[in-house]
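Take the sequences, apply the hints, and build the full model.
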Amino acid sequence: MGDYFKLQSLLIRRALSETGFGTRAGFVLLISFFSVSSIYLFYITRYASFIYCLTAVGFLLRLSEIKRNDFLKTIFTRSLYYKTRIAENLLVVLPFTVFLFIYSPFSYSIGLAIFSILFGFVTLPKPIKFTLPTPFYKHPFEFIIGFRNTFFLYPLLYALTFVAVYVDNFNLGIASVLGVFVIVVSFYARPENVYYVWSFSSTPKQFIFTKLITALLLVSVLVLPPALFLLAFNFYSWHYLILFLAIGYLFLGAVIGAKYAAYPHHINIPQAFTLGLCIYFPPLLLVAIPYFLYDANKNLKHVLNDIS
Amino acid sequence: MISVKGLSKKFDGKVVVKNINLDFEPGNVYGIVGENGAGKTTLFRCLAGLETYEGIISCATGALKNNLGFLPADLFFFSKITGMEYIRLLCNARKKNIQHIERKNIFDLPLGQYASTYSTGMQKKLALTAILLQENDYFILDEPFNGVDIQSNILIAEIILELKKLGKTIVLSSHIFSTLSTTCDMLHLIHNGSISHSVKKEDFNQLEDQMKKIIIGDKIERLHLK
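As they're listed, the protein sequences go chains A and B. Take the first sequence: its letters are residues 1 to 308, numbered as in the working numbering. Take the second sequence: its letters are residues 1001 to 1226, numbered as in the working numbering.
Result set (EDC-like, lysine to aspartate or glutamate): computed pairs, CA atoms no more than 16 angstroms apart in a straight line:
#1 A:K301 x B:E1051
#2 B:K1200 x B:D1185
#3 B:K1080 x A:E192
#4 B:K1096 x B:D1137
By construction, these hints were calculated from the structure, which means they are not laboratory data.
As structure tokens, this is what we get:
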């Protein structure tokens, strides 16, 4: 068991050194970040203990994943396996119990520690092979995967639009419509494996154009129902709605441009900063979009082997 | 025809592929053989245009990548995309509107399930099905037989022979000599990034004997198996 924890400690040190800060500085930063976030959480909300416990349970769930546990069962005897699981769970919840002890009733920290011990006997079952239907199944992957990851959010946002109309709060309705755009933008947050761009027999211009058109059409499927519902009951404010829809569409276009301008890497800090500025000052989108698209076109020439 | 002249590739100053000169003719199957780390996968990625390189790779029919079905050794699948959606994605990428995909599902894959839940062999069969439906002229298959059940291996070998009949150009790698001897017209041995031997079909047996001698040597004795 000692060797196992030594190995885990080595893995953590490696991960810290890979952050670029070095092992010691990384460790100090990690502890500082955890402490500051914890203090801040307990400062801003009275539900902090509940959120805190849930976060700790989230970590415990990850340790109970079946493949990992099957591996542990193959290398340890039965008793050593359970001892390891319990020790590991206690170590993971230890930082949480410290802050719970300081900021919450005593029962929370003790309860979490007991729960972590009991969880040492739990292994999560294999995920169910259920395929969630999607209206976007005939289209490229962003909406197929994005919809499946976020399907539960649309009823909530649509309900919010309904509430906005019911309480006659137009701004709340606009927030629900923009919420859909925020979700769809997240579909484009991560660069896909290079094989999925390489496969396209298109020029960079055709590729980006297709991506933009597809995104604008498919986001309409999600955003127009609440927008039209809102419009039906707030017709006099149609120009505000059009304005916010236009900002949503343009921002989505800017994010796609930025994504492929940085591809195959993640969107970099200057690009993220520019996108952030666009949120505060949307007219900037009219400059940012052509700039990102120009960069994306140049950047994709290599992956798409466009020699023209 | 694919023509490769003076192809070299370095990673952080280390030469991985060294001055390779090869021609791949239509209607022929070429096997690339070599130890792990010999440079096969890098060679394939250069041919596909997924890596930058020194040298020239030219193709008689224009841009190679737009007519190339590439089966990488390490496949990547999105977490929530079904087999059917994967096939459709790859066909759409080549502007092919394929009808009756279910009928063409010759490996009997559960196309309605997420591809990420497939076994290694099933994922390989899915990726192969997708590039076959793209109707390419050229194929690079990096270890197509690896991890696949014996029934499907027989089918894959037959598919390769059928592609050959159709005049397609196929370049593949495999660690199973029998699969190479059944399908290939020519084998190129890659060693430390260079082509060390090129052997025609009639000399495959001789090559296998030579390889066995070099590879096995006294290694079994050194193990002192008890």
